[in-house]
Structure formats: structure tokens, C-alpha cells
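Colleague: Listed here are the chains, written in short residue letters.
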Amino acid sequence: MSAPVAEVEALTKSFGGVPAVDDLSFALHGGEIAGFLGPNGAGKSTTLRLLLGLAAPTSGTARVFGRRYADLDEPTRSVGAVLEFADFHPNRTGRNHVRVLALSSGIDEHRVAEVLELVDLSAAADRKVGGYSLGMRQRLGLATALLGDPKLLILDEPINGLDPAGVHWLRAFLRRFADGGGAVLVSSHVLAEVEQSVDRVLIINQGRLLADQSMTEIASGGGSLEQTYLAITQAVAR
Amino acid sequence: MIRQLRSETAKVTTTTTTVGLLAALAGLVVLAVVVHVYALPDDQLANGDSQRQLLTDIGINLGGLFAALIGALSVTTEFRTGTIRPTVLASPRRARVIAAKAVVSAGAGALAVLVSVGTASVAARVTLSVRDLASTPSAGDYVELLAGGAVAGGLLGVIGTAVGAIIRAQVPTFVALFIWLLFIENVLVELPGVHRFVPGALAQGIAGQSREGVLQDIWLAALVLCAYALGALFFSVDATRRRDIA
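In the order they appear, the protein sequences are chains D and Y.
Numbering follows the working numbering, in which position 219 of the first sequence is assigned residue number 219; successive positions increment by one, without gaps.
Numbering follows the working numbering, in which position 89 of the second sequence is assigned residue number 89; successive positions increment by one, without gaps.
Chain D on its own, in the form it takes in the complex:
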């Protein structure tokens, strides 16, 4: 198997002595869409932040393409990420939001127009983001993630706010992305959607990995993803 695109090893992050992520290990390879699941406060977002270098681990390692995120030469060209759908200046236009990030990554104006077209925001690109709907903000976030034509996408709750057509579009897009060799790590609470979109699920609770199973394994067990998820997380709760 090829080298992992993203890998965490014995990753631990504590806040005031309380572990949010506890000795977590997993790896993600190219061509894979992995769902990152867990109850609220399970440590999903913290893990994604550690992987992206926004937070420093208490111990363990988090690497993308074999290096710490901060050590990547051109991170935007390797990794695209959307962590919050509200990470925009409300008085800046959608196009300018993407442009300021393109400038810092040395990406030209042509690509800015291209990614806005890709997420179907060209018509609204010159409107201020403050007037965007939740779904439009999600798509704008995705446009910034795709700016550098990355090989790894890390998406935190990307389905929130998307209408059915948007969800359908995202599902098809992620599949094309993975079929092209890209890897996707996507956290979500919408299990029915995850079931249709991902190849594999990582289920965590209280910062610990509870399950790492392919969708084929789950299906062969006879249950749905929701049943599997509830059985695993409720067993821990008891």
C-alpha cells in the first residue's frame, strides 16, 4: 500500500489536564473517503485542528504527506480544509475572500474564478459574504479548500446548510475527487449521508478510536451505519 496521505500516531491533546484526544492513531490513503464520526465533544474537531497544525499536540504526532502541516512547502497545493462555515469577513465579497488566500499561496486570479465556478458561486461572487446563505458559505469554504488543487481534503461538517441538490453535488464531487486519487477526511453527524458518501468510518468517543471499519465490513455485518454507530458509542457510554 502507498504511504499514507494523513497519519496520526498516539496523538494526545489535553486541555487543563483533561484529554480531548487520547492516544489516537489512524492513517488515511489516497483514493479513500473516510468518515470521521463521534458524538459532540468526542474530539473530532480537535483532531482535525491538530492534523492541520492549528493546535499543538500534547504528545504523539499528526502528519500530512509525511510531514507536519506547518513544514509543508506549499500547504494549499497539498491540503484543502474547511473547518467552520463561518470563517469569512462579512463585508468582503466571496471573490475577494478567495483572492486574499490565493495571493498568500501564489495562486493566480484565473484559478480563483475557476473554483468559484466549480462550486457554482460565480454569479454571487461579487456580493458580500454577509448576505450569503449557510449553503453558499459552505460552498465558498469548499472553493477556498480547492484553490490549490490539493490531494487531501479535510472537511468538518460540510453538509450543514446544504440543500438536497448541494448534498448530491458534494457527494458526487467527493467521489470524483477520490477516484482521481485524492483522499478525503470528513467529519459529520449526518449518518445517512455519510453512509452514501464514504468508503470507511473512524468512530471516536472521548478522544479514543472505537472503530475503524470499511463500509463493506459494516454492510456485511447486516446492520446500517447508524445501528453500528449507536451500538459502539452507547456501549462506551454504559
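Heads up, some of the hints might be wrong.
Stated by the list, open to error - Partner residues aside, some chain Y positions facing chain D, computed with beta carbon under 10 Å:
(1) 77
(2) 127
(3) 242
Claimed, not checked - If the Cβ cut is set under 8 Å, some of the chain Y residues that face chain D in the computed set are:
(4) 3
(5) 90
(6) 91
No lab work stands behind these hints: they were computed from the structure.
Just so it is clear, CB atoms sit at the ideal spot from N, CA and C, and this is done for glycine as well.
Given the structure of chain D, go ahead and fit chain Y onto it with the hints provided.
Modeller: Same frame as chain D, but now just chain Y:
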């Protein structure tokens, strides 16, 4: 670094915040000049030193305050809106991000003081002429006020950026800057030996202000304020590198 500078410049120019602040600054300066010129007696206004002092007190002090606020906004707005996340994902070398913000804030801070002093000068000339009083500052005085003010504004912009990066939250940053520049520095006027080394007084010194409690050596004042700006920038870079981004 060039890319980051272009990005930070685009951030400043793609919202109306900076333009709005500069317009508010110009309005405040006009109001302050008009009130002072109408409130002061003729004999005091006819004195050349007092006119220049008026321009420094209003132009440099208000411009310097706004320069620091613009610098602070460059960082705190990113934390308030969450854009700090995409910013550091695109540029994970955080020292470079803060350095680029400091350079752009230096330019914006210099512009703030130029707007402030320029507006004060025009407003003073117009208001004095309405009162049939001559405007006494020389061309050299204006050059000193504008050039010195621009340098001071640039350095205060850097200090504002650093304070914003250390505190992060917008309102507490603004409160800290207001308390320091408008309250503590005014209290320290009673201790001239100390006051001449506070940032606001150093800004006045760089602009050639001649008064007790202000360093009379322009170059020394610039050097000390520059040291403050570099020191603050060092601490802010260190804090930004060490701390997590939520």
C-alpha cells in the same frame, strides 16, 4: 513574504473598515480643531508655537490612536471573524503572517497620521481665517509634522498589531489601547521624566513637539519608539507561534 504582503494589503483594501476609520478620524479632527480654535483667545492663537502645538495635540495624538487601532484590527478582526483559520492554513508560518500584518499596518498607520495632520492643518487654516487670524506654522513645521507623524504613525501601527496579536480578542484589545493612550499616558504627564518615554509622547517628540515631558531629540524619540515596536513584535510573534488557534 511578498505573497503574504500582497494578501495582507488585499485584506485591508477589500473591506471598507480602514476607509471608514480614516473618514471618522478626519471628522473627529475637524471637530476638535474647530472647537479649539473657537474656544481659545486671539492672543493665544496668534502665537506661532501654540498653533503648532494645537496641530500636534490633535493631529499626532488622534492620528496615532487611530494608527494603533488600525494595527490592532488587522489581527483581532481575523480572530473575531474566524478568517485567522484559513489565513494560517494558507500560510502556516505564523511569524511571516504577523510580520506581513505589521508592515501593512505600518503603512496604514502612517497614512492615518498623514490624514490626521493634513486635515488638522487645513481645518486650522480655514477656521483661523474665519476668525481673521493668520496661520503661523512654516512650511518646515508642516514637513516636520507630516514626516515625523508618518514615522510615528507607522510605529504605532506596528505596536497596535502586536498588542492585537497578544490579546487576540477585539474589545479587550481596544480597551487596553484606549486605557493606555488616553488615560495612563495622561496621568504620567505629572511625571515628565517618565512621560517622555511613553509611546504617545515619543510620537509627539518625533513630530518635533517642544514641551516638558516630551523628548526633544527627534532621532532618539524615533529610536526608542522603534525599539518598543520591535520588542512588542517579538513578543507577539512568540505568543502567536506558541498558542493554539481555536
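Colleague: Please go over all the hints and tell whether each is borne out by the structure.
Modeller: Consistency of the hints with the structure:
A cut of 10 Å between beta carbons decides the hint on residue 77(Y): the least distance to chain D is about 7 Å, and the hint holds. For residue 127(Y), the interface hint is violated, since its Cβ never comes within 10 Å of a Cβ in chain D; the closest pair sits about 35 Å apart. The beta carbon of residue 242(Y) comes within 8 Å of a beta carbon in chain D, closer than 10 Å, and the hint placing it at the interface holds. The interface hint given for residue 3(Y) holds, since its Cβ lies 5 Å from the closest Cβ of chain D, which is under the 8 Å cut-off.
Interface restraint check: residue 90(Y) against chain D, minimum CB-CB distance 5 Å, threshold 8 Å, status holds. Given hint, residue 91(Y) at the interface with chain D, holds; its Cβ is 5 Å from that chain's nearest Cβ, closer than 8 Å.
Comparing the model with each earlier hint shows a violation of hint 2 alone; every other hint is respected.
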